[in-house]
Amino acid sequence: DAGVTQSPTHLIKTRGQQVTLRCSPKSGHDTVSWYQQALGQGPQFIFQYYEEEERQRGNFPDRFSGHQFPNYSSELNVNALLLGDSALYLCASSSPGTSRDYGYTFGSGTRLTVV
Amino acid sequence: QKEVEQDPGPLSVPEGAIVSLNCTYSNSAFQYFMWYRQYSRKGPELLMYTYSSGNKEDGRFTAQVDKSSKYISLFIRDSQPSDSATYLCAMSAKGGYQKVTFGTGTKLQVIP
Numbered sequence: 001d002a003g004v005t006q007s008p009t010h011l012i013k014t015r016g017q018q019v020t021l022r023c024s025p026k027s028g029h030d031t032v033s034w035y036q037q038a039l040g041q042g043p044q045f046i047f048q049y050y051e052e053e054e055r056q057r058g059n060f061p062d063r064f065s066g067h068q069f070p071n072y073s074s075e076l077n078v079n080a081l082l083l084g085d086s087a088l089y090l091c092a093s094s095s096p097g098t099s100r101d102y103g104y105t106f107g108s109g110t111r112l113t114v115v
Numbered sequence: 001q002k003e004v005e006q007d008p009g010p011l012s013v014p015e016g017a018i019v020s021l022n023c024t025y026s027n028s029a030f031q032y033f034m035w036y037r038q039y040s041r042k043g044p045e046l047l048m049y050t051y052s053s054g055n056k057e058d059g060r061f062t063a064q065v066d067k068s069s070k071y072i073s074l075f076i077r078d079s080q081p082s083d084s085a086t087y088l089c090a091m092s093a094k095g096g097y098q099k100v101t102f103g104t105g106t107k108l109q110v111i112p
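Chains as they are written, first to last, in our numbering: chain D, 1 to 115; chain P, 1 to 112.
These aren't lab readings, by the way, just hints derived from the structure by calculation.
Certain hints may be false.
For lysine-lysine, the following DSS-like pairs were computed, each having C-alpha atoms within a straight-line distance of at most 30 Å [said to hold, decoys possible]: (1) P:Lys107 x D:Lys26; (2) P:Lys70 x P:Lys56; (3) P:Lys99 x D:Lys13.
On the chain D side, residues computed to face chain P include the following (Cβ under 8 Å) [what the hints assert, rightly or not]: (4) Gly42; (5) Pro43; (6) Gly58; (7) Phe60; (8) Phe64; (9) Leu90; (10) Ser108.
It should be emphasised that the depicted structure is a prediction, and the values quoted were computed from it without experimental measurement.
Beta carbons are placed, not taken as given, at the ideal position from N, Cα and C, and that holds for glycine.
Here chain D stands alone, though its shape is the one from the complex:
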């Protein structure tokens, strides 16, 4: 059973560029959340998608946007990249509808470096 799959694994972008990160959730999961993890820090919540809609959003600027497709996969887009956007971007899937399943399954992340 495949877990959460993220692509690409690593990415180097120039300041001001745009980037798209992709995520396929674990089989049976319908909710996708995105987190940003800076070096030495805990993951910070960006937003969550369910039924192709953004349900919740953290304290991130509008440069961060996302999308969820009918097959539950998701994309994270970041425009006008800043050096401070360099981080590990984690995708987490879950299925809140199942009983007592409150934990995420995380992917291994995409390491984004902005130069």
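Add chain P to chain D, keeping to what the hints say.
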């Protein structure tokens, strides 16, 4: 002040030791409490989750929640070198669709 505070360590212990990891929090709305383990270059892996106050045991791991003190702990018995990782506490106000707030993580090294 951060909603969740966690000592970043690093914490170094000999193999077989009992490890205690702790977090404090300020948001009294938190009801769901989790511990994740993160190996280098990997995503976090859920170890334990508990609802409200109390204890939960799973093998060598025990999670404790004291809502009155806004304090949670994870104990690891008979620690193994394979337990060397960063441990993240996490919590949310509700399960399901609510966002999860993480601590900064404690880096643990178990020395053979």
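Right, here's what the structure says about each hint:
1. Proximity of lysine 107 of chain P to lysine 26 of chain D is assessed by CA-CA distance (about 27 Å); at most 30 Å being required, the pair is judged to hold.
2. Of the pairs offered as hints, the one joining lysine 70 of chain P and lysine 56 of chain P holds, with about 17 Å between alpha carbons and a cut-off of 30 Å not exceeded.
3. Annotation: proposed proximity of lysine 99 of chain P to lysine 13 of chain D holds, straight-line Cα distance about 28 Å (limit 30 Å).
4. This hint holds: glycine 42 of chain D has a C-beta 3 Å from the nearest C-beta of chain P, less than the 8 Å allowed.
5. For proline 43 of chain D, the interface hint holds, since its Cβ comes within 8 Å of a Cβ in chain P; the closest pair sits about 5 Å apart.
6. Given hint, glycine 58 of chain D at the interface with chain P, holds; its Cβ is 6 Å from that chain's nearest Cβ, closer than 8 Å.
7. Because the smallest distance between the Cβ of phenylalanine 60 of chain D and any Cβ of chain P comes to about 12 Å, over 8 Å, the interface hint for this residue is violated.
8. Here the hint on phenylalanine 64 of chain D is broken, as its CB sits about 14 Å from the closest CB of chain P, past 8 Å.
9. Taking 8 Å as the C-beta cut-off, the interface hint given for leucine 90 of chain D holds, the closest approach to chain P being about 5 Å.
10. At about 5 Å, the closest approach between the beta carbon of serine 108 of chain D and any beta carbon in chain P falls short of 8 Å, and the interface hint on this residue holds.
In summary, the structure is inconsistent with hints 7, 8 from the numbered list given earlier, while agreeing with the others.
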